[in-house]
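Colleague: Listed below are the residues making up each chain.
6 protein chains.
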Amino acid sequence: MPQPPKRDSTTIHMIDVSEKPQMDRMARASGEIVLKSTTIEKIKQGSVEKGNVIVASKLAGIAAGKKTADLLPLCHPLRLSKIEVQIAVKDDLVEVTAEVKATEKTGVEMEALVAISAALLNIWDMVKMYEKDADGQYPTTTIQNIHVIKKEKKLREAPLEA
Amino acid sequence: MPQPPKRDSTTIHMIDVSEKPQMDRMARASGEIVLKSTTIEKIKQGSVEKGNVIVASKLAGIAAGKKTADLLPLCHPLRLSKIEVQIAVKDDLVEVTAEVKATEKTGVEMEALVAISAALLNIWDMVKMYEKDADGQYPTTTIQNIHVIKKEKKLREAPLEA
Amino acid sequence: MPQPPKRDSTTIHMIDVSEKPQMDRMARASGEIVLKSTTIEKIKQGSVEKGNVIVASKLAGIAAGKKTADLLPLCHPLRLSKIEVQIAVKDDLVEVTAEVKATEKTGVEMEALVAISAALLNIWDMVKMYEKDADGQYPTTTIQNIHVIKKEKKLREAPLEA
Amino acid sequence: MPQPPKRDSTTIHMIDVSEKPQMDRMARASGEIVLKSTTIEKIKQGSVEKGNVIVASKLAGIAAGKKTADLLPLCHPLRLSKIEVQIAVKDDLVEVTAEVKATEKTGVEMEALVAISAALLNIWDMVKMYEKDADGQYPTTTIQNIHVIKKEKKLREAPLEA
Amino acid sequence: MPQPPKRDSTTIHMIDVSEKPQMDRMARASGEIVLKSTTIEKIKQGSVEKGNVIVASKLAGIAAGKKTADLLPLCHPLRLSKIEVQIAVKDDLVEVTAEVKATEKTGVEMEALVAISAALLNIWDMVKMYEKDADGQYPTTTIQNIHVIKKEKKLREAPLEA
Amino acid sequence: MPQPPKRDSTTIHMIDVSEKPQMDRMARASGEIVLKSTTIEKIKQGSVEKGNVIVASKLAGIAAGKKTADLLPLCHPLRLSKIEVQIAVKDDLVEVTAEVKATEKTGVEMEALVAISAALLNIWDMVKMYEKDADGQYPTTTIQNIHVIKKEKKLREAPLEA
Numbered sequence: 001m002p003q004p005p006k007r008d009s010t011t012i013h014m015i016d017v018s019e020k021p022q023m024d025r026m027a028r029a030s031g032e033i034v035l036k037s038t039t040i041e042k043i044k045q046g047s048v049e050k051g052n053v054i055v056a057s058k059l060a061g062i063a064a065g066k067k068t069a070d071l072l073p074l075c076h077p078l079r080l081s082k083i084e085v086q087i088a089v090k091d092d093l094v095e096v097t098a099e100v101k102a103t104e105k106t107g108v109e110m111e112a113l114v115a116i117s118a119a120l121l122n123i124w125d126m127v128k129m130y131e132k133d134a135d136g137q138y139p140t141t142t143i144q145n146i147h148v149i150k151k152e153k154k155l156r157e158a159p160l161e162a
Numbered sequence: 001m002p003q004p005p006k007r008d009s010t011t012i013h014m015i016d017v018s019e020k021p022q023m024d025r026m027a028r029a030s031g032e033i034v035l036k037s038t039t040i041e042k043i044k045q046g047s048v049e050k051g052n053v054i055v056a057s058k059l060a061g062i063a064a065g066k067k068t069a070d071l072l073p074l075c076h077p078l079r080l081s082k083i084e085v086q087i088a089v090k091d092d093l094v095e096v097t098a099e100v101k102a103t104e105k106t107g108v109e110m111e112a113l114v115a116i117s118a119a120l121l122n123i124w125d126m127v128k129m130y131e132k133d134a135d136g137q138y139p140t141t142t143i144q145n146i147h148v149i150k151k152e153k154k155l156r157e158a159p160l161e162a
Numbered sequence: 001m002p003q004p005p006k007r008d009s010t011t012i013h014m015i016d017v018s019e020k021p022q023m024d025r026m027a028r029a030s031g032e033i034v035l036k037s038t039t040i041e042k043i044k045q046g047s048v049e050k051g052n053v054i055v056a057s058k059l060a061g062i063a064a065g066k067k068t069a070d071l072l073p074l075c076h077p078l079r080l081s082k083i084e085v086q087i088a089v090k091d092d093l094v095e096v097t098a099e100v101k102a103t104e105k106t107g108v109e110m111e112a113l114v115a116i117s118a119a120l121l122n123i124w125d126m127v128k129m130y131e132k133d134a135d136g137q138y139p140t141t142t143i144q145n146i147h148v149i150k151k152e153k154k155l156r157e158a159p160l161e162a
Numbered sequence: 001m002p003q004p005p006k007r008d009s010t011t012i013h014m015i016d017v018s019e020k021p022q023m024d025r026m027a028r029a030s031g032e033i034v035l036k037s038t039t040i041e042k043i044k045q046g047s048v049e050k051g052n053v054i055v056a057s058k059l060a061g062i063a064a065g066k067k068t069a070d071l072l073p074l075c076h077p078l079r080l081s082k083i084e085v086q087i088a089v090k091d092d093l094v095e096v097t098a099e100v101k102a103t104e105k106t107g108v109e110m111e112a113l114v115a116i117s118a119a120l121l122n123i124w125d126m127v128k129m130y131e132k133d134a135d136g137q138y139p140t141t142t143i144q145n146i147h148v149i150k151k152e153k154k155l156r157e158a159p160l161e162a
Numbered sequence: 001m002p003q004p005p006k007r008d009s010t011t012i013h014m015i016d017v018s019e020k021p022q023m024d025r026m027a028r029a030s031g032e033i034v035l036k037s038t039t040i041e042k043i044k045q046g047s048v049e050k051g052n053v054i055v056a057s058k059l060a061g062i063a064a065g066k067k068t069a070d071l072l073p074l075c076h077p078l079r080l081s082k083i084e085v086q087i088a089v090k091d092d093l094v095e096v097t098a099e100v101k102a103t104e105k106t107g108v109e110m111e112a113l114v115a116i117s118a119a120l121l122n123i124w125d126m127v128k129m130y131e132k133d134a135d136g137q138y139p140t141t142t143i144q145n146i147h148v149i150k151k152e153k154k155l156r157e158a159p160l161e162a
Numbered sequence: 001m002p003q004p005p006k007r008d009s010t011t012i013h014m015i016d017v018s019e020k021p022q023m024d025r026m027a028r029a030s031g032e033i034v035l036k037s038t039t040i041e042k043i044k045q046g047s048v049e050k051g052n053v054i055v056a057s058k059l060a061g062i063a064a065g066k067k068t069a070d071l072l073p074l075c076h077p078l079r080l081s082k083i084e085v086q087i088a089v090k091d092d093l094v095e096v097t098a099e100v101k102a103t104e105k106t107g108v109e110m111e112a113l114v115a116i117s118a119a120l121l122n123i124w125d126m127v128k129m130y131e132k133d134a135d136g137q138y139p140t141t142t143i144q145n146i147h148v149i150k151k152e153k154k155l156r157e158a159p160l161e162a
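Those protein sequences? They're chains A, B, C, D, E and F, same order as listed. Per the numbering used here, the very first residue in the first sequence carries number 1; after that it's consecutive. Per the numbering used here, the very first residue in the second sequence carries number 1; after that it's consecutive. Per the numbering used here, the very first residue in the third sequence carries number 1; after that it's consecutive. Per the numbering used here, the very first residue in the fourth sequence carries number 1; after that it's consecutive. Per the numbering used here, the very first residue in the fifth sequence carries number 1; after that it's consecutive. Per the numbering used here, the very first residue in the sixth sequence carries number 1; after that it's consecutive.
Each hint should be verified, as a subset may be incorrect.
It does not matter which identical chain is meant; a pair holds if it fits inside one copy or across any two.
Once the Cα atoms are required to be at most 30 Å apart in a straight line, the calculated DSS-like pairs of lysine-lysine come out as [stated by the list, open to error]:
#1 Lys-128 - Lys-154
#2 Lys-50 - Lys-132
#3 Lys-132 - Lys-154
#4 Lys-42 - Lys-132
#5 Lys-105 - Lys-153
#6 Lys-105 - Lys-90
Honestly, the hints are just simulated from the structure, not real lab data.
With the rest of the complex left out, here is chain A (with noise of 0.2 Å):
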């Protein structure tokens, strides 16, 4: 079988979206963070010390979707119509999940994967105090399983109407 053929290492660039036609683009991901189940406990009842776990790690994910053309240099700048994040607290774990939206000329899904990675960095951050040991380590918590759950686009027939 014929190898591709070596690129120089001094290659880099962006795609050019210039001649691809505008879709509505939709994308879902998901990813988990791993605790102690005394830190979900706390979550549960609401007395993490830092605040709403929930609320704020929404927001942080949302805030994020929304810079993922400013953290990932090769991504174009999109106008995204809809950020949706949810947060399941499970019995070890809890989940993240993200919707994302936009009319573009390329796919969302990096957008739901940043905004994901900041909600649940956000929810460690947040609870960290309960997470470390004597020795300040943290032997239990674990981000995993961020994957794209489904990606969709499909061209608008007919344009909008007020």
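Fit chains B, C, D, E and F to the given chain A structure using the hints.
Modeller: Chains B, C, D, E and F in isolation, oriented as in the chain A frame:
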């Protein structure tokens, strides 16, 4: 066992670190992205169309680490003295490790975790086209095992000399 | 009268505007900063030590208006076609007015309000030294009367021609 | 009385703080947003459709406070050790108070004022739909009374110990 | 010949582009950084201690191009469909070229010029240690010849199809 | 003469400054933009339609200088104590000079160079309409001669007193 007091659902606050001493802080963290073996091959051969995945993803990680206080609303702005991102291409996944240092009143593990997350997301963004199946979905791609390897702090005994 | 249903305290979401039509949007808003009459004199005479208060504050307003989606987590990123900031120095206060335009799916009043707020805060920042009393306090300085003057939207009947 | 010298209209400059000592700085400021009583009811009942107004607006305030040097061009970048935002829902208005601390060469009142302004603007953004009249205008909504409550500075006598 | 009217020194405004049609825009620009021949050698050999200068500087250029509206206060926020940065290592200088595309109401030459400037500054930052003389000064390093090569606009005759 | 070892093309790293002492840093740099003489006239007469070019470009420079660590991925975030931008309108060009100060572990020349670059680009942006020829091209406009005038560092012998 007494339950912890339920906090008001409107609570949210940044920890006040004004009375904490400045210490030398270090945090090392890592995470992985699972990719198709054909994608791994392309990264190893340097034949990814978008270009040099390793350098671009290290840079995305370093740049994001410096934006931690912008991404995580309760994090304090810190002057980092070092962010190092390493990337190891394994058989069926790519492993990203980050080490962050600062002389500050608060730890730098969130900065290391943000750096890793952004580097992993940037790898995803650069190999998207190889990971999607015929239906435009991502059956394989997963970010996993993001954890803190080591966190250290120590008081500096004497000021640095020129 | 039936009470509205109590929403879960963990709810937070951005409005989904994907099905809304693009319309020509305009918003005009204004606000005031009350200053000591001696400070007002300095602004009028152009003798503020930090420099040209009017131009700097207009620019701070324009620049901030473009950052609305970064400052307000539930705002959609918009492509603004105009931000105009006007500043009128009155007898005991300075009045700032902003007009913002865009052809978008959602209104631009938050952009106008952010522009005004930043311009007013920048005026404060530039005349701080004249407003503080001997004890370093601000007995006079107050930002007030920030309101939307007018908000308009209309559907464009025909596409723009070259 | 001699008039102050007229400065050139091209003057603009940031104060040079290099020779100022680092001091413990604190500033407390507050402001208000006047809303319709039906909107106030919705906030009290937690039935605002966009979600938890209080937590979201506190977070918007904290996040914006950290961006002060980005919003106000002549402000110095500071390492803040605390931003606390409190929100009190009164009968016909919502009051926002912020307290900021830092050990820096310059005061932190602008950071407190930016935090308040962003929190107030975020409240507006979240209750927009209840404040607009049939014509899409805002007859009631007004941001007012933004002022500095207290500003303090003191030299730290001994370095902090671990 | 009549003199143009003198504008008030307090004037500053963003051009209102609301009535301009969207057109396909392209701008190509370039610039150079003069370096010591020993530094040029290191770049060619890939032995710069900070790493891969070419990829890092291309990325810095792409990322900065997307921040144009944040850096230049009177620029409109645009959705860029492409930023391509090329770098040619010549005998005593490095030449950077950028091409930017967008379908927008206003041209993209400032985006191309910002991309070039950031790429050139990043080259400087990465080879600083080789350019400084024994006294810590830069006798050779100069950025020069930043200019627009070509600017184009054309109205798209038919909407893009899927 | 032995050749320096070829580094791996995947290397990229930020210098670790944790063991460097804090010193008083200063850097002064300058650059020029060549403009048509009719444009220079307009700047001198204050008749540029977009407004006060000098103040706006100084501010753009100051604001950009504070964003250096965001624009150049390997730069450390610094607390600047001063950024001064001066602009001199000459016969056929405009000269921009910037001076930056900080007490930090690393030099501030990149901050001065970023400030100059942004100020020069902002001048370009504000006089674009006068520089373009009938074909929309820029036959004259060029940014040139960006260089560091002077760089200094010295250890502070005693801490600053109040």
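Colleague: All the hints need checking, so say for each whether the structure fits it.
Modeller: Verification of the supplied hints:
Taking CA atoms no more than 30 Å apart as the test, Lys-128 paired with Lys-154 passes between copies only; the shortest distance there is 19 Å, against 42 Å inside one copy. Within a single copy, Lys-50 and Lys-132 get their C-alpha atoms as close as 15 Å, which meets the 30 Å cut-off; across copies the closest is 34 Å, which misses it. With identical chains, the CA atoms of Lys-132 and Lys-154 are at most 30 Å apart between copies only, with a shortest distance of 17 Å across copies and 46 Å within one. For a Cα distance limit of 30 Å, the shortest separation of Lys-42 from Lys-132 inside one copy, 15 Å, qualifies, whereas the shortest one across copies, 39 Å, does not.
Proximity of Lys-105 and Lys-153 under a CA criterion of 30 Å is satisfied in both settings, with 10 Å inside one chain copy and 20 Å between copies. Taking the closest pair of Cα atoms, Lys-105 and Lys-90 never come within 30 Å of each other, the shortest separation being 37 Å inside a single copy and 33 Å across copies.
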